[in-house]
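Each chain, letter by letter, is given below.
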Amino acid sequence: MNIQEYISSGIVESYVLGLASNEERLEFEQVCATNAELRQAREAFEISLEQHALANAVPVPAELKQKIWNQINPGIEGATVVSIQADKKQQPLAPVRSISFSKLLAAASVILLVGSTLLNFYFYNQYKLSVAKLDELIASNQQMAISNTATQAKLQQYEIALNIIKDTNMAVVAMKGQPIAPQSATTVYWNKQTKDVYLLVNGLPQPAAGKQYQLWAIVDGVPVDAGMLNMNETNGLVKMKNIPKAQAFAITLENAGGSKTPTMPIYVVGKT
Amino acid sequence: MAFETQSQEPSFHKPPTRLSNTVTYNEQELVLLLKAKDQQSFSYLYDNYSGALYSIVLQVVADKELASDVLQEVFVNIWRKIESYDPDKGRLFTWMLNVARNLAIDMVRSKGYQNSQKNQSLPEGDYFDKTGSATQQSVDNIGLKKIVGKLKEEHRVLIDLAYFKGYTHEEIAKIESLPLGTVKTRIRNALIQLRDYIK
Numbered sequence: 012m013n014i015q016e017y018i019s020s021g022i023v024e025s026y027v028l029g030l031a032s033n034e035e036r037l038e039f040e041q042v043c044a045t046n047a048e049l050r051q052a053r054e055a056f057e058i059s060l061e062q063h064a065l066a067n068a069v070p071v072p073a074e075l076k077q078k079i080w081n082q083i084n085p086g087i088e089g090a091t092v093v094s095i096q097a098d099k100k101q102q103p104l105a106p107v108r109s110i111s112f113s114k115l116l117a118a119a120s121v122i123l124l125v126g127s128t129l130l131n132f133y134f135y136n137q138y139k140l141s142v143a144k145l146d147e148l149i150a151s152n153q154q155m156a157i158s159n160t161a162t163q164a165k166l167q168q169y170e171i172a173l174n175i176i177k178d179t180n181m182a183v184v185a186m187k188g189q190p191i192a193p194q195s196a197t198t199v200y201w202n203k204q205t206k207d208v209y210l211l212v213n214g215l216p217q218p219a220a221g222k223q224y225q226l227w228a229i230v231d232g233v234p235v236d237a238g239m240l241n242m243n244e245t246n247g248l249v250k251m252k253n254i255p256k257a258q259a260f261a262i263t264l265e266n267a268g269g270s271k272t273p274t275m276p277i278y279v280v281g282k283t
Numbered sequence: 014m015a016f017e018t019q020s021q022e023p024s025f026h027k028p029p030t031r032l033s034n035t036v037t038y039n040e041q042e043l044v045l046l047l048k049a050k051d052q053q054s055f056s057y058l059y060d061n062y063s064g065a066l067y068s069i070v071l072q073v074v075a076d077k078e079l080a081s082d083v084l085q086e087v088f089v090n091i092w093r094k095i096e097s098y099d100p101d102k103g104r105l106f107t108w109m110l111n112v113a114r115n116l117a118i119d120m121v122r123s124k125g126y127q128n129s130q131k132n133q134s135l136p137e138g139d140y141f142d143k144t145g146s147a148t149q150q151s152v153d154n155i156g157l158k159k160i161v162g163k164l165k166e167e168h169r170v171l172i173d174l175a176y177f178k179g180y181t182h183e184e185i186a187k188i189e190s191l192p193l194g195t196v197k198t199r200i201r202n203a204l205i206q207l208r209d210y211i212k
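Sequence order for the protein chains is Z and E.
Numbering of the first sequence is given in the numbering used here, commencing with residue 12 and proceeding in unit increments.
Numbering of the second sequence is given in the numbering used here, commencing with residue 14 and proceeding in unit increments.
Bound conformation, chain Z alone:
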């Protein structure tokens, strides 16, 4: 294509004024990249267009620059491009708005205050009730914890006793009440391997003050001390002294602390 023809076809003006189609635009830019003559023609038109526009400039509203500046740089007030007249238009408006707004704000505050005070009373009463209830709950919870601990301890005790009785090495010696206390009965659990002796009180009369039951192992006809029985611990199995050998077990009521040999009648007795 003849470049002169192209230049004078109106494409330059069409391109610069933004009226060229996409195709025309791309073609124009391509030719421009390589053709200085076309570039010069374009620049010449651009310059005359610019000068024409500058010569026909219309005065711009004074506050516009500040508005633009505020939009570009929100938050930075009155930075470098401030024009002093900028605020003139807004000033008379501001107080009117702020008065009505503050009145509204005051009304809202009063309503909020009254509402909040009423709510405070209500919530305070609720709070007091809750605290009382909470105290109750804490107390009853503590009570339960205590009784739970006791139950656990007892359960543990029974488990231990059960395990002792379950042992297959355990010999059971049932001891029957003698004429002095025919209703009495006790049981000795005697581990043949470890020779440990446990006493279970099935029933014994409450001893008089200063008196205590004493267990005896009868070894070859001779009574050997097998330990004292504390009546406070008769709920389960009571561990007595280790007895390696015995033909029978018997219990007498002795002075507290026990005797070396039995001095009183036998309450219960049983053969191994």
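Just so you know, these hints were derived from the structure itself, not from any lab.
Keep in mind that the hints are not guaranteed to be accurate.
[Unchecked claim] Partial pick of chain E residues on the chain Z-facing surface, computed with a CB cut under 10 Å:
id : residue
1  : L43
2  : V44
3  : L45
4  : Q52
5  : D60
6  : N61
7  : I69
8  : V70
9  : L71
10 : R93
11 : S97
12 : G179
13 : H182
14 : I211
[As the list claims (entries may be wrong)] Simulated coverage check for chain E against chain Z, where a stretch passes if three residues somewhere in it have a Cβ under 8 Å from a Cβ of chain Z:
id : region
15 : 120-130
16 : 196-206
Ideal Cβ placement from N, Cα and C applies to all residues, glycine included.
Got chain Z; can you put chain E on it based on the hints?
Same frame as chain Z, now just chain E:
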């Protein structure tokens, strides 16, 4: 642009002083500073070009208040989108001119504007007609519009539709019931005449 920068002193390295109002930038350094978001260069740009761009906007959006809103948008766009300006494709002013024209046309085509125009056409009477025509006259008397007024009717209508109303050649062909080729030829011829008028 090239010959302009060559003819000037390489003043780019000395920082422009704020105190003096006579600071000038050549286009190349102005673009560089704008792309670096330099506030002073933007202020300079506004001071030197807002009037020219306002006139462009007014030729599309006749209402002064709306036009000033558009102009605000134009400068905000220039500030934010200066990165997309490519000096190889034309001068800075040409780019700004097209930003202004496009935003102005967008405004005229927006629903809000269309509705407001409808509402304004409802009231009748002398008052509105007089002010309406007065505004119209003043707009016809500025910038390119004044020159377009010198064109033949058949050219003037097409430039008005294409340049000031933003219709594509195809749309204009439909509106005017003309062959697309005729629309293109007439617009090209009209543009050549315009070029000669503003020289």
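Hint check results:
Checking E/L43 against chain Z: minimum C-beta separation of about 13 Å lies over 10 Å; hint violated. A distance limit of 10 Å between C-beta atoms decides the matter here; for E/V44 the minimum to chain Z is near 14 Å, and the interface restraint is violated. Look at E/L45: its Cβ only gets to about 18 Å from chain Z, farther than 10 Å, so that hint breaks. Interface restraint check: E/Q52 against chain Z, minimum CB-CB distance 5 Å, threshold 10 Å, status holds.
At its closest, the beta carbon of E/D60 sits 8 Å from a beta carbon of chain Z; the interface hint therefore holds under the 10 Å criterion. Because the closest C-beta pair between E/N61 and chain Z is about 8 Å apart, less than 10 Å, the hint holds. At about 7 Å, the closest approach between the beta carbon of E/I69 and any beta carbon in chain Z falls short of 10 Å, and the interface hint on this residue holds. The interface hint given for E/V70 is met, as the beta carbon of that residue sits about 9 Å from the closest beta carbon of chain Z, less than 10 Å.
Look at E/L71: its Cβ gets to within about 6 Å of chain Z, closer than 10 Å, so that hint holds up. At about 8 Å, the closest approach between the beta carbon of E/R93 and any beta carbon in chain Z falls short of 10 Å, and the interface hint on this residue holds. Checking E/S97 against chain Z by beta carbon gives a least distance of about 15 Å; that is not within 10 Å, so the hint is violated. Checking E/G179 against chain Z by beta carbon gives a least distance of about 9 Å; that is within 10 Å, so the hint holds.
At about 7 Å, the closest approach between the beta carbon of E/H182 and any beta carbon in chain Z falls short of 10 Å, and the interface hint on this residue holds. Interface hint status for E/I211: upheld, as the beta-carbon distance to the closest one in chain Z is roughly 4 Å, under 10 Å. With 0 residues carrying a beta carbon less than 8 Å from a beta carbon of chain Z, the region 120-130 of chain E misses the three-residue requirement, and the given coverage is violated. Note: the region 196-206 of chain E has 5 residues with beta-carbon separation from chain Z under 8 Å; the three-residue rule is met and the coverage holds.
Violated hints for the displayed structure, listed by number in ascending order: 1, 2, 3, 11, 15.
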